[in-house]
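**Student:** Below, each chain spelled out in residue letters.
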Amino acid sequence: MAMWKPPGDAAEQTAHDDGDIRAALRADDVRRALTLMMKRYGDEVYRFAYAMTHSVHLAEEVRQQVFVDVFRDLPTFAGRASLRAWVLGIMRHRCLDVTKRHRRWTNRFKNEPPADEEPDEHEPERELDRSRLAKILAACLAKLAPAARAAVVLRYHQDLSYDEASAVAGDQAGTLQQRVARALPALRRCVSARMDAGAGR
Amino acid sequence: MTCERYWRDGIVLVERGLDDPHRDGCEDCRRAHVSRQELIEALPLIGAGLTGDPDWQAKVWQRIDGEHAPAPSRWRWQLAGALAAACAVVLWIGVGRGRVPPSDVRPRTEVIPGDVAMRSGSNAVVGDRLRVTVGEVHDVWIYRGDQLVLQCRARRPSAACKPDAHGMIVEMVLSTPVTYHVFSIEAPPATLPGGKLDEDRAALESASIHYRYENVPVR
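Chains as they are written, first to last, in this note's numbering: chain A, 1 to 201; chain B, 1 to 219.
I should point out that these hints are in silico values taken from the structure, not numbers from a laboratory. Yeah, the Cβ is synthetic: ideal placement off N, Cα and C, and Gly gets one too. Just to be clear, a hint being listed does not mean it is correct.
Unchecked claim - Straight-line alpha carbon distances no greater than 25 Å define the calculated DSS-like cross-link-like pairs of lysine-lysine that follow:
(1) A/Lys143 with A/Lys100
(2) A/Lys135 with A/Lys100
(3) B/Lys196 with A/Lys100
(4) A/Lys39 with B/Lys196
What the hints assert, rightly or not - Just a sample of chain B residues kept apart from chain A, beta carbon distances all over 10 Å, derived:
(5) Arg23
(6) Ile40
(7) Ala80
(8) Ala84
(9) Val90
(10) Asn123
(11) Val149
(12) Ser206
(13) His210
Sequences are here, hints too, so could you generate the full structure?
**Tutor:** Structure representation (structure tokens):
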């Protein structure tokens, strides 16, 4: 299990480290700023997108689109929010777009879209349980409504405080708290059911 | 045993950062709280270790540089225009009189009363035949009213979907006095249409799939 960290730590750390990106922006060197941002936030954005879409292909599509959007909008970045929160805000929109498009496609065409491939990785024995739990959680998360999923991911996957998540999602912190409080029991039931089903095999 | 009260009310207090006095005296609720804690501790495991396409940054730059490519200068436009004109002449002479490449066949819809072909848009009547000619890369979906009645897939001949030298010819009898809707779809999706006209058209549009549409009212 991952160690629980007080919310906000990661955000403060990265906000502190964004001095080089802001310096590049002040120097109008948008390409360097984007290079630094891709290096710093690329993996995080990808994992966030994966948690939101439960698809390695869609996650990659979202990640690339996010940074194309970031490049386009960086010159007008006001700097009031942290860069991380700003990137995650763009990401959330792209994820919801992709999720909506994916769902519309699945609904319109009766067939399921091509099954996503499980990441093909060699897993040492001791990692199997954690890996299995992560896969089950990802599948269960995908069953939540997009808004609830985004709230859970922002709060507990991205480790944002509710105030930070509120700035990213554009919803009141109280609304996000309600969504998470309603989503966690559903998530727990889904995980339990799948774990039990797996154990029964 | 689970504490339903915890999952209904207690968890709201926890998310709001408030105390839940009930939990102190309730063993089931304490267990439920531990279970919640395990769940949220496991959430960061989702996607942990995944890094995606190793070339993703290069692809981002490719897209950016493609979108921000400088506009060609005037002489480049003129050169490109001259080259395009030369190519068009060569194609007209060399290819235009010969066989049309299958993928270039423009979808065509006709209504055939007896042996005389008429263009679509004329007054078709029940008993006429609908003929759709497409290239070899096209799918054809035909709807009677708002229901899908015929689907022909590229390179998969059937009784109604016959291959020809340029691609495929689809024929069916117009049996009902309603409007028939014909979609010729280029680079069609791998999945099947749902069967409802509006929904399938919306799905094609939302997926940005190029298609040609014609309707044929039948009296």
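**Student:** Does each hint hold? Answer for all of them.
**Tutor:** Evaluation of the provided hints:
no.: 1; hint: A/Lys143 with A/Lys100; verdict: holds (13 Å)
no.: 2; hint: A/Lys135 with A/Lys100; verdict: holds (22 Å)
no.: 3; hint: B/Lys196 with A/Lys100; verdict: holds (20 Å)
no.: 4; hint: A/Lys39 with B/Lys196; verdict: violated (46 Å)
no.: 5; hint: Arg23; verdict: holds (15 Å)
no.: 6; hint: Ile40; verdict: violated (5 Å)
no.: 7; hint: Ala80; verdict: holds (27 Å)
no.: 8; hint: Ala84; verdict: holds (30 Å)
no.: 9; hint: Val90; verdict: holds (38 Å)
no.: 10; hint: Asn123; verdict: holds (33 Å)
no.: 11; hint: Val149; verdict: holds (16 Å)
no.: 12; hint: Ser206; verdict: violated (5 Å)
no.: 13; hint: His210; verdict: holds (16 Å)
Violated hints for the displayed structure, listed by number in ascending order: 4, 6 and 12.
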